[in-house]
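Q: Here's the letter readout for the chains.
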Amino acid sequence: MVVPHPRQLGVSARDEVLARIRAANANAGLGLGGAVDGPRADGDVAIPRDYRGGGGPAPGSPPLLDLLRRRLIDYRASVVDAAPGDEPAAIRAALAAASVGPTPGSAERGGGAVLVPPGLPASWCPAGVVDDGFTAVELDGFAAVVTACAAACALTGTIALDGSPDQGRRAITLVPDVHVCVVRADQVVHGVPDLLARLDPTRPITLISGPSATSDIEFERVEGVHGPRTLTVILVAAPPAPA
Amino acid sequence: MTATFLGIPAPAGVGQLRGDRPFPAAARDALADSQLRRNLGHATGVIRTKRAAAVGELDDWEQLRLAGEAIKRATMARLDDHLVRLEAEVSARGGTVHWARDANEANAIVTGLVQATGATELVKVKSMATQEIGLNAALADAGIIAHETDLAELIIQLGDDVPSHILVPAIHRNRAEIRELFGRKMPGVDPSLTAEPRRLAMAARAHLRRTFLRARVAVSGANFAVADTGALVVVESEGNGRMCLTLPETLITVMGIEKVVPSWRDLEVFLQLLPRSSTGERMNPYTSIWTGVTPGDGPRSFHLVLLDNGRTAALGDAVGRDALHCIRCSACLNVCPVYERVGGHAYGSIYPGPIGAVLSPQLTGIHAGSDDNASLPYASSLCGACYDVCPVRIDIPSLLVRLRTAHVDAARARPLPTAEALTMAAAAWVMSSPTRFAAAETASRLGRLGGRASGRLSSLPPPLSAWTSSRDAPRPPEETFRQWWSRTRGNSA
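Protein sequence lines correspond, in order, to chains A and B.
The first sequence begins at 844 in our numbering and counts up by one.
The second sequence begins at 681 in our numbering and counts up by one.
FYI, nobody ran anything at the bench for these hints, they're computed from the structure.
Be careful, since some hints might not be right.
To be verified - Over the 10 Å line for every Cβ pair with chain B, so calculated as not near, a few chain A residues:
| id | residue |
| --- | --- |
| 1 | G898 |
| 2 | P900 |
| 3 | A925 |
| 4 | A1081 |
| 5 | P1082 |
As the list claims (entries may be wrong) - Computed beta-carbon distance windows for the label pairs:
| id | chain 1 | residue 1 | chain 2 | residue 2 | range |
| --- | --- | --- | --- | --- | --- |
| 6 | A | V980 | B | G976 | 17 to 25 Å |
| 7 | B | A692 | A | P891 | 39 to 47 Å |
| 8 | A | A926 | B | A768 | 46 to 54 Å |
The beta carbon of each residue, even a glycine, is placed where N, CA and C say it ideally should be.
Make a model of the complete structure from these sequences and hints.
A: Structure follows, in structure tokens:
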């Protein structure tokens, strides 16, 4: 039984909120008498985790790559298949298809400059301008950005970025209108549990599933609002098994 | 629950947890608005179909729901520990944690933080918590302009409107209405703008781009906060969230204390449950996850405001506390036959629909008499569709019944009986005697003097007005059952 106490002078909001929680849990029949570190009634119930966890098809297996490809296309991303080592040509093709770069039609994208994170293999996009901390306004002048990724989830068509040197800080994949993202076969896992298990939760993470979209008007999905309106994924096949 | 536990409810007079009139009155106006009903019927129908398809793709959906429910239940039982852990992890990674007992305290904290930066404007990610506490109004009082950046919130803000849905706040507006609003209120908008959703979205992109690029301060909510790593999670679609979370120097996140989850692994459940329940997508386009401050990437200053505002009052009820498990997907709104017809505004609170009907009265406290939120638990037919779709299995119908009981108990405790109590006592007296009942039946035919045209009685004199203020009474029949029986079977009996 708890008597509500008025806001007390000298008691911090932190202490008061925590005290309210303890009182509420005691009143609801939970947390009675349990030590802070000890088990509490109902507080340590086992979580039933018999949903599909990790351990689906092997990462990078052909059925997974096929599933990822279908999911990406379903949410209006473009997919370019590439063999290992063919990244530069695939990136060139992807940029050209998005009317970016030194190709006819680049004018409508303005400038045509392509931004790359500092750790992207230099051969992938030789014309790319390496990010050295451009301001938001400067980032807005770039037509496209090319990055690698941390992992990808086939079931949901999701690409994960974690700010590693080959992906760069979060702003560079946000402001330019075209994002070309290179995904290696061995980075492709099946479901959401597999994806999260591959990520370091203390890094800045962005999960991307298709281009920016909204359903705010009559719940009709429209691709392309504030984020990149074009997302192209370069899917790099696994290297051939050694003979 | 013990009746003595009252908790500390959200204060009145600030924020948006109460309407300015009771649900029945607001609902009557909404029902008479045929354009609103067409807009709602169309949008909720589309969402229901999409959700069913997205959920149907997973053969472990029920297992995910059970896991989600269990994680939330376990989290609440040790909520204090998880918040302390979260505070420690966020602080260790360069963030600053603030605690707010209520809306006024949270508004004061955020206002002070913005003022300390010297900024007079900020960008906002759609957030239920900041709507709940009325943050924009508090900032405006301090001369700070808050730019809503979610497309629907922009539509609401431009139209001086209030949200009517948790996920799609402008669901009550159709494309033609939005086109008209943009033409009138969006500076420099292309006069040839059409009502095509794609064109409208592009107009919003152009309108907000410069604001994003110059913003120095952002305010967000949070879908989840992971206690054991200090990670904050914002789930969105448009990229306005990423803009706000990434570009400004200062980020202030306001989060209800119930949003914490214990461990990183728990996200594998909620990041499956939420998008499929909410937008009917396998995954929402963008999810941002960050811990504290990362040098060289994103804001240099991060503040997390942990908000109570009545949540601990709800937590004190052994049944009602389940409403705190809500992950704000809005699936229950979309399947609710009441919501589909009256829309979100009728509920008064920023939390409408079935979950709002159980959450809002608990946050504000339930009082006897004319409290505007006291009628919300009655805004349901108890059909149970909300429970079926809830991704964390909140038994909303049982909570509604629980709150109705609490409301009646509160009324019973008052020194003067209510009209309802008097009526019930009178009915008991009448029905306990055949003679009195027959007399009452005959007397009821007086009711045939009213409702000739419609066949129903919409307004009766007090104390019967207590009934007809929220529902119609059928016009009494020409003859009573007993009269019919004696006329048709009387002789053979």
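Q: Mind listing which of the numbered hints don't hold for this structure, in increasing order?
A: The structure conflicts with no hint, since it agrees with every one listed earlier.
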